[in-house]
Structure formats: structure tokens, C-alpha cells
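Trainee: Protein chains in written order, with our numbering: chain A, 1 to 380; chain B, 1 to 380.
Do not rely on the hints blindly, as some may be mistaken.
Far from chain B, some chain A residues (derived; all Cβ distances over 12 angstroms) [what the hints assert, rightly or not]: (1) Gly39; (2) Met110; (3) Val304; (4) Asn319; (5) Gly332.
Only pairs whose alpha carbons sit at most 25 angstroms apart, straight line, appear in this in silico SDA-like list of lysine to any residue [as the list claims (entries may be wrong)]: (6) Lys302/B / Lys297/A; (7) Lys302/A / Leu9/B; (8) Lys77/A / Arg90/B; (9) Lys302/A / Lys302/B; (10) Lys302/B / Thr75/A; (11) Lys365/A / Arg84/A; (12) Lys297/B / Arg84/A; (13) Lys365/B / Leu9/B; (14) Lys297/A / Lys77/B; (15) Lys302/A / Asn295/B; (16) Lys77/B / Arg374/A; (17) Lys302/B / Tyr186/A.
Bear in mind the hints are in silico, worked out from the structure with no lab data behind them. For glycine and all other residues, C-beta sits at the position ideal for the given N, C-alpha and C.
Listed here are the chains, written in short residue letters.
Number of protein chains: 2
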Amino acid sequence: MNSHPFFTLDHTDQATKARAGTIITDHGVIPTPMFMPVGTQGAVKAIEQRTLSELDAAIILGNTYHLYLRPGTETLKTMGGLHRFASWTRPILTDSGGFQVFSLRELRKMSEIGVEFRSHIDGSRHLFTPENVVDTQRAIGSDIFMVLDECTPYPSTYTEARTSMELTVRWAERSALRHRDAPFLYGHRQFQFAIGQGSTYHDLRRDCMQRLVDMDVDGYAIGGLSVGEPADDMYAITETSTAVMPVHKPRYLMGVGTPENILTAIGLGVDLFDCVMPTRNARNGTIYTTHGRVNIKNARYKLVDEPIDDGLDSYISRNYSLAYLRHLFNAGEILGLMLATAQNLALYLWLTRTARTHILAGTYKEWAAATAQRLMQHRP
Amino acid sequence: MNSHPFFTLDHTDQATKARAGTIITDHGVIPTPMFMPVGTQGAVKAIEQRTLSELDAAIILGNTYHLYLRPGTETLKTMGGLHRFASWTRPILTDSGGFQVFSLRELRKMSEIGVEFRSHIDGSRHLFTPENVVDTQRAIGSDIFMVLDECTPYPSTYTEARTSMELTVRWAERSALRHRDAPFLYGHRQFQFAIGQGSTYHDLRRDCMQRLVDMDVDGYAIGGLSVGEPADDMYAITETSTAVMPVHKPRYLMGVGTPENILTAIGLGVDLFDCVMPTRNARNGTIYTTHGRVNIKNARYKLVDEPIDDGLDSYISRNYSLAYLRHLFNAGEILGLMLATAQNLALYLWLTRTARTHILAGTYKEWAAATAQRLMQHRP
């Protein structure tokens, strides 16, 4: 192992709260801000691992709920963990599965001990507790893993949000205890992040985050956002949360969002992001480019013999035309999903990489405003 | 342009009729025997162009019927032809679309002038003639293109097969005339192959091929096989056909086949092959490896922590395990289709590349027999 600190704060912007930092794991370095592509089931949809590396993805996500069900904890242990299994040598972060389990409205039962649920695949019964979710993430071998939390639905009453938040705090304590006791399985270190909840109530959010901060875990996440609340609430809660979060630990805004959301949240002091939007929207034909959004199925692109995005260095962005990509979608070719996915991830990874450059140069605020406007428009 | 001959015969095997040759086009060199991956609609399904290059695919196929309907002749002309449109810089061969049109049983009407058909996409009416199919392939800009033929169904009576074959010969004459008159559109040369028909009747096959040989086109194909006839008939007709084909022109067996079919046909003097089998079977979970066939959905591969195929140099074959590939299929991940496709094409391209090495070394017969046996078995 090494003696580098897990997180180093390299620079804080003067005009905003944006930060440039460096996370060091045993699988490699993650410069922040950083977008993390979502590989729920041990694969990012429609893209090869080596293409992710080529696009400078420093870390990808996995999901404990999905990996626990398929391929399963025993398979992952036999295979030496998810890194070896998926041939991905860079860092992995796993979500606890809390969000997925709580999405199974009809199929779950909450209690103090944990959450019982039925598999969405075969209906079999399972129990997630804060402790066994740590154990499962030991088997997965992620470099950074999330505690089990209760993702409070939106909207919730104040009483519901407080009750739920209190449970999340008690579960975080149990998770931290388990993390101290359970051995690492594969010779590399694993870092634990706690998740703040409290719905859209600022005092609950502050209270929750402060109690998590007192536990002194490796990093802190803002959960329960991007679940239907207005964007202004999301930004306000993010600002309230980062105000309480320690300066010298990484900050992760879960499940967010559009390029504009990410640029705004970076300005509020967030370091890490994940979202299915670039990959899912790619498969639906919405392409993000440095010139704006493209609905690639639109007939207007039939004869547009220009690169998908000449504003990026990516091989795929520069090597295929919008007209060809439109043809692939029109003809139902899998290659269309592949090229669109690579483009959208190239854009998102360019976004956080370039944000870091501007934070370090002191030009973040102006750049972010102009870039958000440019990326969210329809491509001229 | 250059003054190299289109085809050079480098070596003929003593123990079999296998040949090693070299085709030179303006987009590059094709060592033969060669398997040509099928990219019907301007894309090989579930694989990127640069991965095809990496696997040593020297030439890919396109299909005139499909490309004529989508993206259409005018789009292809505007885009400067299929090479530019699809960002594929190596040679392309296009089938005439005869096979596809004749598969539209209910939607087509034959006449001396050509074949009327309705689009499988929108029901619109179209007419293919030997002449306009040459013109469409001018717009596509393929390096090698096929004449319009009538693909005789199996089984056919002798009279039906003879009538159909006679039409194919008359159409080949019209195609050759058009090829002489119509200009190339993109500054590179296009070579024309005629297609022998005659069902399973050896005298019809000989007569047809001899009359095509007398037309002195650039290469000769055997059509109307792999349409349901027994393998022994396919081999016998192939042998009858290659006996009439000129030695110093390339020979193409259309739509064939399994690794065993290809090895046998190479031994009968065939140079070029295409088949959807490696790509289509990949998407269905049948994986070809140098150790035999694998049904990757089978639970026996759940914990097999071995490379997909350690007998190949391919990055994907060596870098991912059978257990991971099974998980991807089990979980419905697009990456599974991508890795399986790359493996099967790596195997097919290894097959014809290695066949060439053994032909040149004089060891083809023994190697082909052992290899066919090994590849067609279930992986131990």
C-alpha cells in the first residue's frame, strides 16, 4: 500500500466554491471534479473498457444491488473481485443498492435491522442490512463504497423526512463499525462514503450531514436528489450540504445530472458525479456535443457530413459524421448505440476534465456559464 | 491508379486444390483465402471499424439492396461513397441485392428486364435491372461488386434451374456492358464479379460458369448455395464450379459458412468467403474458439476464469474471461454482443489467415482436417 493521503485539495476557486482535488486509490489516481460512468452490472452499457480508458474515465461505478443478484457474491469472490472479473484496472465506486431497493416500492419491507426485498429478476427474497452490504462490497472489491441509506422519496412530509434521515444516520454508524472490523479481501484498500439525506428540508440536511461528519468516514455524498424535485431545490440543498461537509474530504452528488447541473454543482463545491443520462440518452438518440444537443434521429442530419463533435479529441467523435450516426440509428444498427455512447461519455469526461483546468486557472465561473449555455442549446 | 494485376496467384497446394493469392484494389491488398465480415447496412453489427482493422479484416461486405433503400443512392453520392460515409478505408465488396430481393417471395415480380419489388421497410415499389444495379454500385463505390443474378431456390426442377440460369447469364452480359460504359464516381477502380447459378445440376453449373468465363469479367462467384441443400451437394457443386473457373481470377463462394465449410471449400480452390454466421451466432450466444464451440449462456461457464480464446492474439479474446462473457449475456448487456462478435470474427479471420500460411508451407491438408475437427466440437 502507499502513504499518500486519500484526498488532497489542490485548489479552491475564488469566484465560486469550485474545487480541484486529487483522490488516490490503490487502483489509481482520480483528478476531481470527475464524472463517473455508470456500469451497473459490471459493464458500462454499449462501450468497451478500453474505450473508457481512452476517454480518460478515471473511475467507473458498479451497483451492489445488481451485482449481488448477478453474477452474485460467491462468483465475484471466486473471480477475485469485480476489477479482475470485468478486466477494469482503474478505480471502481459501488453504490450500496439502497436507491435500487427503495425503487422496488411493492417488493420491499423496511425495518430497523435493514430492508427485505424481492429480486426484480426472479422474485426471490433477500435482506440487505448495513453490515451485509459492507460485506457484499468487500466481495465486489470496489475502491470506494457507499453505506446503505434510505433514499427518502420526493415529496415527503417533514416528519417522514426526519424519521427516514434518523434511520440513515443509525445505519451509517453500523456501516462504519462493520467497515472497521471486516477485512479487505483482495489486498487493496477500500474507502467508505456516507450519504446525507433529509429531503428538501435544509435543517434536516444540515443535521444529518453534521452527524455523518462526526463519524469521520473517508468521504461524503449527497443522496436523495435528482428524484423529481425542482432544480433550484437541488442546488439549494447541495449548497447547504457542502457548507457542512469537511474541506479535506471528497464530496459526491449522487445521480446528477445534465451538463448544466454538473457545472452548477461544481460551482457549489462538489467533486464527484455519476448519472445514467449520457449513456441512456445515447441509446435513445440524444447526443451531447460541445456545440449543443442533437436529436440524431432527426432528418435534418441526413446529409450533415461533419464530425459528430469536432470540439473533442476522441477518436469516435472526430472520425464519424452526424449523417453516418443518423443512418445507424435509422437502420437500427448496434454500432449507433456504441458510437453515441462513446460520444456522450467523451463529452461528460471532457466537461469535468476541462472544469478542473479552469478551476486551476481561476477562470471557472465565466467558462462554466458560457459552457452550460452552449451545451444545453440545440446544436445550431 | 496503379498497374499491379488485380489478382496474383501466389501458390497452389499440391495435396488439395487450395490456393494462396493476392488481390490488389485501390483501397488496399487482400491476401487470400480471406473471410469478409458482413456489413449489410454499411456497418458490421456490434463492432467498430477500428476493431475490424485490428482483427486484420482486409475487406468487408455491403449489400446493394439494403444500401439502396437506406441511406439511399443520393445520400451515398453526396457523402462521397460508402468508404467515406462509413469511415472504412480498406476495400469493400457489395453484393448485388439479388439474393435479398429473391427472398422477398410475396413482394417481387420477375421479368426479362429485371425484378420489381416492394421495400421490406415501407412497401414502396422499386425496379432492379442489371444496369441500374451497376449504377447503384457506382454510387456506393465498392471496390468489388456483383452482377444482378437470379438466386435459384432449392430445390428446383431441372427446367426451372435451367430457365433461371439462362436469365442470370443474359443479365450478366448486360451487367458487363454497363460496367464498361458507366464511369467510376470517386477516382478509384471498381471490379466486377459474375455469379454462377444452376442449382444442384452439375451440367447447368458447368455450362453457366463457362459462359460467364467467356465474358472475361474480373472474378467469379458461386451463388445459390447454402440455401438448404445438403453439405455434400454444396461441396460437389463447388468442385464442379472451380474446375471451370479460370486459374488467374479470384473465386468467391457466397454465403458460406461454418469453419468446416470454409476449410473444405478452400481445399476445393475457393479464395473468398462471406457469411453472417460469425456475427449472427455471436449475438445468439454461440462463440467460436480455437478450442471448439461454446454456448456462452450455459451455466457451466459461470466460474470459468479463462480467456475467451487463448489461441488467438486478439485483445478481446485474451482479455476477457468466459465467466465474464457469460455474465454479460445473462444480464442482457450490449457489451456481451460486442465481445462475442469480436471473438467470432477474430476466429474466422484467423482461420483464413492461418489457412494461407499452411497453403504456402504445403501443410494445408493435415492442418485443415485437424482444425475443422477441433473447431466444430464443443469446447472441452
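Trainee: Take the hints in turn and mark each one as holding or not.
Mentor: Going through the hints against the structure:
1. With 12 angstroms as the threshold on Cβ separation, the claim that glycine 39/A sits away from chain B is violated: the shortest Cβ distance comes to roughly 9 angstroms.
2. Against chain B, the non-interface label of methionine 110/A holds: every CB pair exceeds 12 angstroms, the least being about 27 angstroms.
3. Consistency note on valine 304/A: stated as away from chain B, yet its beta-carbon is not over 12 angstroms from all of that chain's, at 10 angstroms minimum.
4. Not every Cβ of chain B is farther than 12 angstroms from the Cβ of asparagine 319/A; the closest lies at roughly 5 angstroms, contradicting the non-interface assignment.
5. A cut-off of 12 angstroms between C-beta atoms contradicts the statement that glycine 332/A is not in contact with chain B; the least separation is 8 angstroms.
6. For a cut-off of 25 angstroms, the pair hint linking lysine 302/B to lysine 297/A is broken: about 39 angstroms separates their Cα positions.
7. A threshold of 25 angstroms between alpha carbons decides the hint, and for lysine 302/A with leucine 9/B the separation of about 43 angstroms lies outside it, so the pair is violated.
8. A threshold of 25 angstroms between alpha carbons decides the hint, and for lysine 77/A with arginine 90/B the separation of about 44 angstroms lies outside it, so the pair is violated.
9. In summary, the hint linking lysine 302/A to lysine 302/B is not supported, as the alpha carbons are separated by about 44 angstroms, beyond the 25 angstroms threshold.
10. For the hint pairing lysine 302/B with threonine 75/A, the CA-to-CA distance comes to about 8 angstroms; that is within 25 angstroms, so the pair holds.
11. Under the criterion of a C-alpha separation no larger than 25 angstroms, the hint pairing lysine 365/A with arginine 84/A is inconsistent with the structure, at around 40 angstroms.
12. At roughly 20 angstroms between alpha-carbon atoms, lysine 297/B and arginine 84/A fall within 25 angstroms of each other, so this suggested pair holds.
13. For the suggested pair lysine 365/B and leucine 9/B, the alpha carbons sit about 19 angstroms apart, so the restraint of at most 25 angstroms is met.
14. Simply put, lysine 297/A and lysine 77/B have alpha-carbon atoms about 21 angstroms apart, close enough for the 25 angstroms limit, and the pair holds.
15. Distance check on the hinted pair: lysine 302/A and asparagine 295/B sit about 40 angstroms apart at the alpha-carbon level, beyond 25 angstroms; violated.
16. For the suggested pair lysine 77/B and arginine 374/A, the alpha carbons sit about 33 angstroms apart, so the restraint of at most 25 angstroms is broken.
17. For a cut-off of 25 angstroms, the pair hint linking lysine 302/B to tyrosine 186/A stands: about 21 angstroms separates their Cα positions.
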